Structures are given as C-alpha cells and as structure tokens.
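The listed protein sequences correspond, in order, to chains A and B. Using our numbering, the letters of the first sequence correspond one by one to residues 1416 to 1547. Using our numbering, the letters of the second sequence correspond one by one to residues 1040 to 1352.
Any given hint might turn out to be false.
As the list claims (entries may be wrong) - As a list, the in silico BS3-like pairs of lysine-lysine whose alpha-carbon atoms are at most 25 Å apart:
hint, chain 1, residue 1, chain 2, residue 2
1, A, K1467, A, K1546
2, A, K1512, B, K1229
3, A, K1521, A, K1501
4, A, K1537, A, K1498
5, B, K1160, A, K1498
6, A, K1467, A, K1506
7, B, K1160, A, K1506
8, A, K1467, A, K1501
9, B, K1160, B, K1086
10, A, K1512, B, K1160
11, B, K1160, A, K1521
12, A, K1536, A, K1467
13, B, K1294, B, K1097
14, A, K1546, A, K1536
15, A, K1506, A, K1521
Said to hold, decoys possible - Not everything, but these chain A residues come out facing chain B in the computed CB check (under 8 Å):
hint, residue
16, E1491
17, I1495
18, L1496
Treat the hints as calculated values from the structure; they're not laboratory data. These numbers come from a predicted model, not from an experiment. Think of the CB as a built atom: it goes at the ideal place given N, C-alpha and C, for glycine as much as any other residue.
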Amino acid sequence: MYSTIFNIGQINKYSKLAIFMSILFLCGCSSQTHSSPKETTIPVTLHVEDAKGLPVEGVQVTIVKAPSSDEEPSTEIGEILGKTDKNGDIKWDTGRKGDYSVALTKGETSVTHHISLTEDKKDHAIPLVFKE
Amino acid sequence: MKLVPRFRKQWFAYLTVLCLALAAVVSFGVPAKAAENPQTSVSNTGKEADATKNQTSKADQVSAPYEGTGKTSKSLYGGQTELEKNIQTLQPSSIIGTDERTRISSTTSFPYRATVQLSIKYPNTSSTYGCTGFLVNPNTVVTAGHCVYSQDHGWASTITAAPGRNGSSYPYGTYSGTMFYSVKGWTESKDTNYDYGAIKLNGSPGNTVGWYGYRTTNSSSPVGLSSSVTGFPCDKTFGTMWSDTKPIRSAETYKLTYTTDTYGCQSGSPVYRNYSDTGQTAIAIHTNGGSSYNLGTRVTNDVFNNIQYWANQ
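All chains should be built: construct the whole structure from the sequences, respecting the hints.
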C-alpha cells in the first residue's frame, strides 16, 4: 500500500511537469499557426534618367521577381507601378528584400534592369537608365 | 485521511492525460486538415466544390477548341508598327539563352484572339498586376492561381480581361471578372503544384474570339513535343502579344517544364500545341520563370475536371 501511494506520488510530480510541457506545446502550436512573421517592405524611389542623366517622364515601370534558381522559380506576375513623373521618379513601396527585374517601357522602346533590393536602399532613390 | 491526497493525485493524473490528449488533437489536427483534397475548388465568394472524380484512368480527357467568328467591333490597329526597338541592358532570367520571342501582330487571328491580357487589382495596394489568360468557353478564362489569389493580398478585387489586345487597340473590347476560382491546394496550402484558377466574365467574348481546347497528356508523354507559350510580357510595348515555341523539356506529375522564352505578366498563358485531332489545345498553364527553364501547371485529370466544372458554372 505504501509502495502504491509512493508511486502515485511520483507520477503526481511528473504530472505537474507534463501539464507544464503540454501547455508550452499548445502555446507553440498556436503561435506556429497564427503568427508567421512577414518580411518588412523596403520602400524606395525608382529614378529613370536618359544617357545624359536627365529625368525621363512617362516611362511605365513594371516589377517582376527574379528567380533565385531552378529550385526556386519566380511567379511571372508583373507589378505595374505606373508612369514616372516629371522628375523621372516613381515610388515602389511594396518590395521586399530580393532580386528583381525592372521593365521600363515607353512607346515602342523597352529596357530591362536587374536590381537587388536590400535594407541599405530603404527610402533611397535607385537610378535606372532608359535609352530612347 | 489518506483518501484526500489519493484523490488529488488521481485528479492530477487525469488532468495530465486530458492535456496530453488535447495536445495530440492539436498537433495531429493539422495534418488531418492538410489531408483535405487540395484539388477542391474554391471561389472568391467562399463556394467550395469537389469536381474531381478520383480518376486514375490513363485515357486522355479532351475539351475541343472553337475558332469563333473573329468579327471585331472596332478598327483593329491603332497605328501599331511592326518594328520593335528592344534595348536590353540585362537578360531577364526567364529568357533562356537568346530571346526568341516574336511579336504577334495579327492578334485577331485564331488562337491569338482567344488569348487574354489581364489587369488585376488586389485589396489594400495601389499597384495593378499584369497576367495572361485564355478562354476555354464563351465566358471562362483560365489563368494561374496566383493571378486570382495572392498569398499576400488574398482574392483579387477586380480583374479586367482584354481578348486579342494589341498595344492600345482592343479589337474585342474589355470584360470584367465576376467570379474567381482556384483550388485549396493553392489558396490554403500555397502549394505551387496547384497554381491554377479561372475567371468568369460579365459577357461572352468566346462566341466571337473562340476558345482554346484543353487536354490531359496521360496516354503519351508530351516531352519533346513542340509547344507554344503566348502572352502579354510586360518588358515589351505595353499590351502587345508575344509568343515562342520550343519542345517540352520534362513532364512531372503536376508540372511541365520548357525552355520557351517568357517574362513577367505571362503567368496564366496557355502552353499549347496544334494537335492533329483536337486543334489548338492547352496542355499546361504557364506559372513560373526559372534560371534555366520555365514551368507551368500540367493539365492533369483533376485540373481538367476543375476547368470543366468552372466552365459550366
């Protein structure tokens, strides 16, 4: 009888630990399900200029994510930002860290650039040359 | 006196078992949800349906194309020139080797007129997104899943479709999407193997422009078959149609790969060929650009059944 009570007592000690571990586990599951951290955006200004360094107005700017590799291909949807203003500028607020192809088109002319968006470019202007 | 601590001990033991059982339910509940059929159709209105029929048959399923009347409502060409000045400072990644895309100037000929340029708006973003799609019946456009449902923004808020667009010319006008479809494998599991969807239009341009056929490729491998990818790449004059033709590189269970040149805004383009028995028929839906090859969602039995289901809605 003494032996049985002793064993139950031992289980009781471990049961407290088990309850604590279970609660931790449940909290872990809950956080895994509901809070996937999202990468923050890096807002930048894309500045389009000609070969002489003069701003080019009315250039349509489209952003496409560049594939990292064949194992990580990119979806071929294009984000059409709109047209550059009289200063040759257009805001891009939705980009996240990574490599992108930027397509510049005006009339029948098109130019593509490859850019890497990194934290140090945040709130800065990225110059892009457009030769008409 | 000894009964009280014994009951307390038993109570703790029961509570432990209860907590562990609860933890097991939570942990095993996730895979149980994942076991849901990823091919279950979902719409932006929340409607769900299982259109798949658990078919294991190796016989091909085929939906025939239709050429339409081709009659345009307006003047066809808005001063478009055939020449393109393309200055490329750096080769985009989904151009494999030399850029061999050619511009389609006769966008009112079949099957090009059944190819649709898509302008997409998502909630809480000022940008417009560009994709391509293709008609499969009078009022249904098939496209990539990520063109109707974004992992960042959810379902598209508005989609405008322009069949046979040629730069600033809209020979068949524009149509609005009234309902968007994809499958749970894409919208819930974010699995690229299920990246396909459809748009119902507020009119029936397919009666005029026709539509692509679509088919499975179960009975013989499509590897090596010459296939085209036609769409509206956004590195070219805006709204112009371009195409390239190359052999299928590989056929996986859910994907076809090819070295056909593509670019952004071509997601949702038909990967198709002119079959001797079925005519212009899509065998995949273009979705991704890679470093050395591009890829699209293969028309499997389940994809075929869902497209057919969406077409019949």
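Now for the hints, and whether the structure bears them out:
no., hint, verdict
1, A:K1467 / A:K1546, "holds, 9 Å"
2, A:K1512 / B:K1229, "holds, 20 Å"
3, A:K1521 / A:K1501, "holds, 14 Å"
4, A:K1537 / A:K1498, "holds, 21 Å"
5, B:K1160 / A:K1498, "holds, 17 Å"
6, A:K1467 / A:K1506, "holds, 22 Å"
7, B:K1160 / A:K1506, "holds, 18 Å"
8, A:K1467 / A:K1501, "holds, 16 Å"
9, B:K1160 / B:K1086, "holds, 21 Å"
10, A:K1512 / B:K1160, "holds, 23 Å"
11, B:K1160 / A:K1521, "holds, 22 Å"
12, A:K1536 / A:K1467, "holds, 23 Å"
13, B:K1294 / B:K1097, "holds, 17 Å"
14, A:K1546 / A:K1536, "holds, 24 Å"
15, A:K1506 / A:K1521, "holds, 18 Å"
16, E1491, "holds, 4 Å"
17, I1495, "holds, 5 Å"
18, L1496, "holds, 6 Å"
Of the numbered hints stated above, none is contradicted by the structure.
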